[in-house]
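Protein chains in written order, with this note's numbering: chain A, 1 to 322; chain B, 1 to 314.
Simulated from the structure, these hints should not be mistaken for laboratory data.
Among the clues, some could well be false.
Claimed, not checked - Chain B regions said to be covered by chain A (calculated; three or more residues, Cβ under 8 Å):
(1) 1-8
(2) 106-113
(3) 238-251
Claimed, not checked - What the simulated footprint calls covered on chain A by chain B, stretch by stretch (three residues with Cβ under 8 Å from a Cβ of chain B suffice, anywhere in the stretch; the number is not a length):
(4) 52-64
(5) 238-245
(6) 249-259
The beta carbon of each residue, even a glycine, is placed where N, CA and C say it ideally should be.
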Amino acid sequence: MIYEGEFLKDAISKLLADGYRVFAPSRVGDFHVFREISSAEEADFNYILPRNSAKVAVFPQNEILIEYGDWIERVPMEEKRIAIVGVRACDAKAIKLLDKHFLEGFVDPYYKSRREKLLTIAIACNNALINCFCQSLGINPRKPEADVVVSEIDGRVFVSADTEIGKSFLQGFNLRNENEEELEIKKRFESEELKMREIRVDVEKLKKSFDSPYWKEVAINCKSCGVCTYLCPTCFCFDIYDEGEKRGVRIRTWDSCQFPLHTLESSSHNPRAEKWQRLRNRFYDKFYYTLRKGNYYCVGCGRCIDFCPAGIDIVNAISEVR
Amino acid sequence: MNEIEKIKDALKSSNAEKIVAFVRKESEPREVLKVLSPNEVDKISFSPLSLNNPAKLLMQINGKVAVVAKGCDSMAIRQLIKEGKLKRENLFIVGISCKGVVDYRKLAKFVNLSEVNDVELNGNDLVLKLKNGEKRIPFLEVVDENCLYCGHPTPVIYDVLIGEPREGKRDFSDIEQFERLSREERWNYWISQFERCIRCHACRSVCPLCYCEECMVDPSNLAVSPMSTPEEKASYPRILGKTVNARDNTIYHLLRVLHHAGRCVGCGECERACPMELPLRMLERKLEKVVVEIFGYDLNEDIPFFSKLDIVGD
Ligand code: SF4
Ligand code: SF4
Ligand code: SF4
Ligand code: SF4
Ligand code: SF4
Numbered sequence: 001m002i003y004e005g006e007f008l009k010d011a012i013s014k015l016l017a018d019g020y021r022v023f024a025p026s027r028v029g030d031f032h033v034f035r036e037i038s039s040a041e042e043a044d045f046n047y048i049l050p051r052n053s054a055k056v057a058v059f060p061q062n063e064i065l066i067e068y069g070d071w072i073e074r075v076p077m078e079e080k081r082i083a084i085v086g087v088r089a090c091d092a093k094a095i096k097l098l099d100k101h102f103l104e105g106f107v108d109p110y111y112k113s114r115r116e117k118l119l120t121i122a123i124a125c126n127n128a129l130i131n132c133f134c135q136s137l138g139i140n141p142r143k144p145e146a147d148v149v150v151s152e153i154d155g156r157v158f159v160s161a162d163t164e165i166g167k168s169f170l171q172g173f174n175l176r177n178e179n180e181e182e183l184e185i186k187k188r189f190e191s192e193e194l195k196m197r198e199i200r201v202d203v204e205k206l207k208k209s210f211d212s213p214y215w216k217e218v219a220i221n222c223k224s225c226g227v228c229t230y231l232c233p234t235c236f237c238f239d240i241y242d243e244g245e246k247r248g249v250r251i252r253t254w255d256s257c258q259f260p261l262h263t264l265e266s267s268s269h270n271p272r273a274e275k276w277q278r279l280r281n282r283f284y285d286k287f288y289y290t291l292r293k294g295n296y297y298c299v300g301c302g303r304c305i306d307f308c309p310a311g312i313d314i315v316n317a318i319s320e321v322r
Numbered sequence: 001m002n003e004i005e006k007i008k009d010a011l012k013s014s015n016a017e018k019i020v021a022f023v024r025k026e027s028e029p030r031e032v033l034k035v036l037s038p039n040e041v042d043k044i045s046f047s048p049l050s051l052n053n054p055a056k057l058l059m060q061i062n063g064k065v066a067v068v069a070k071g072c073d074s075m076a077i078r079q080l081i082k083e084g085k086l087k088r089e090n091l092f093i094v095g096i097s098c099k100g101v102v103d104y105r106k107l108a109k110f111v112n113l114s115e116v117n118d119v120e121l122n123g124n125d126l127v128l129k130l131k132n133g134e135k136r137i138p139f140l141e142v143v144d145e146n147c148l149y150c151g152h153p154t155p156v157i158y159d160v161l162i163g164e165p166r167e168g169k170r171d172f173s174d175i176e177q178f179e180r181l182s183r184e185e186r187w188n189y190w191i192s193q194f195e196r197c198i199r200c201h202a203c204r205s206v207c208p209l210c211y212c213e214e215c216m217v218d219p220s221n222l223a224v225s226p227m228s229t230p231e232e233k234a235s236y237p238r239i240l241g242k243t244v245n246a247r248d249n250t251i252y253h254l255l256r257v258l259h260h261a262g263r264c265v266g267c268g269e270c271e272r273a274c275p276m277e278l279p280l281r282m283l284e285r286k287l288e289k290v291v292v293e294i295f296g297y298d299l300n301e302d303i304p305f306f307s308k309l310d311i312v313g314d
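If we strip away everything but chain A, and leave its shape as in the complex, we get (with noise of 0.2 Å):
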């Protein structure tokens, strides 16, 4: 359907009017940050992709599990709604793929009580970034996966919902049914790949080559910061810990296989000591280990290359394994 307007800051408006908290793209100098903001003009959509990743919406970086005394005295949970506005392709998959992490199996009850409650608004691309790599890995970034999406295309906004919580979100909106060439216009606009890089996955491949010394190689410059991992949308690595002897809290806040404390175990051996095994852990977890739960864990937003302080540089290292 069409709208006339700004349909994102619209749907702001109306999502803080409901009682939502609100993640947007908002604008520090500049760049832009996924961020919960408290007024439509906090956010700003002249973006393609945020620094951090929309997962701070439903995976905070700091959260407070349990509250302590003497017993167990308060367990936050979430109970607002949430939304994410301007969520892009990659983002939006990739909350599909934290799904699967903390709610298959094992359920989180923290994550759950947010992620029930979520409405996704994703924006689909126009143009990609240098380091985007999202079509190899099977991701249409001008069709993402979300409750509604939309995409501006010459002048016009489409909006369209395929979830029920989409749907009902929608009906607060004055829409128009495209017309027949308008509709062919859409048609085209989804199925006109963007320029961008390719990623080459071989699993096979990857799976000889655990022991091979390419991965020396590969990490000699690494810093073992948290870069790349913070920055993924689909790194889902935690810490839990307590602050506060008799009273106080216990903490879940993000970790980093990247860091050499996160395998050090109580007995002083660290299995992965060195930074060219943490390194390759990371590959290995994007496109190997997390098989087992049904997809690669990337969805080639290209952050980890971007900003990786090192140059070190995902597509090359994983199409260039041997």
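Once you've looked at the hints, dock chain B with the ligands against the given chain A.
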């Protein structure tokens, strides 16, 4: 002979077992540091996009290594020699008299980077060789701001020097300007910056001087051994958790930066690495100003700052 040929010649003359230098990526003009063997010398590149500091990489390599170093890179190498982390006799330093490097994120605003094949400085312009055609941008619009305050564009230690020596100057004018703001304004400014930090620790991890295996900003200590009792493990000092908020991030940055007193060489790696674009150099430069003005220490002195404090203390 142009600059790059001179660098290659110098590297070839070094008899080193390994070479640490820049190689350009294929998909974008970004240059990354690589460890090469001598027969790969023709792969190297050097340009205003040779941003990173190779000093940290050198600490991983045994044996004789040849390295391409700009002014600030050489400062870091000299500092690591001073601190006993590198051996002068193992290094062959090809020093480059530096005219400044590009801020890659600024450059991205001017041009689609995947169209750029090569960049070069020509007078006051950065000349971009594009897939089709050429584009000139005034260098000042894309230069890394850090380079504007560079005190040592000419390497302070080298075996071969390439380019004419250039004067640097110590300039704290921006810091002085900031100092004139009220305490409250300065506090609010920093809190609004620290709030944004995601504590990826990249600023710490890329710093050539942050080589400690146990870093005090890490949430627990590596010094657990099979002999440690549960009580010891539970009570290991933890200065900071992994919680990310303006308060904890402030502590993180103050601790980190204080450890660089009289050591920070001004290469700008911290700020360049930061995905959230925090003005980290400003913190380090304020510290440098204090070290110079209050303690009268100069980085060019042979003795490390902390050792000098000990002597003065006696
Ligand atoms: S690959 Fe890059 S971003 Fe990731 S830990 Fe290594 S240096 Fe940091
Ligand atoms: S691994 Fe890199 S490219 Fe893939 S989803 Fe994560 S950040 Fe994006
Ligand atoms: S990776 Fe794909 S979906 Fe994500 S921003 Fe780039 S083109 Fe759009
Ligand atoms: S690099 Fe930036 S975001 Fe990361 S810890 Fe340092 S200041 Fe924070
Ligand atoms: S912050 Fe301090 S303790 Fe940590 S690595 Fe740097 S110098 Fe070492």
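Query raised in the report: Do three or more residues of the segment 106-113 of chain B come closer than 8 Å to chain A, measuring C-beta to C-beta?
Result: holds (count 4)
Requested in this report: State whether the coverage of the segment 238-251 of chain B by chain A holds or is violated, taking the criterion as 3 or more residues with Cβ-Cβ distances under 8 Å.
Outcome: Three-residue rule met by the segment 238-251 of chain B, so holds; n is 5.
Query raised in the report: Residue count check for the segment 1-8 of chain B against chain A: does it reach three with CB-CB under 8 Å?
Result: Since 0 is below three, the answer is violated.
Query - Given coverage of the segment 52-64 of chain A by chain B, checked by CB-CB distance under 8 Å (3 or more) - result: Coverage by chain B holds for the segment 52-64 of chain A (3 residues, Cβ < 8 Å).
Report task. Report holds or violated for chain B covering the segment 249-259 of chain A, Cβ cut-off 8 Å, minimum 3 residues. Result -> holds (count 6)
**Report entry** Within 8 Å of chain B (C-beta), three or more residues of the segment 238-245 of chain A
**Finding:** holds (count 3)
Comparing the model with each numbered hint stated earlier shows that hint 1 is the single one that does not hold.
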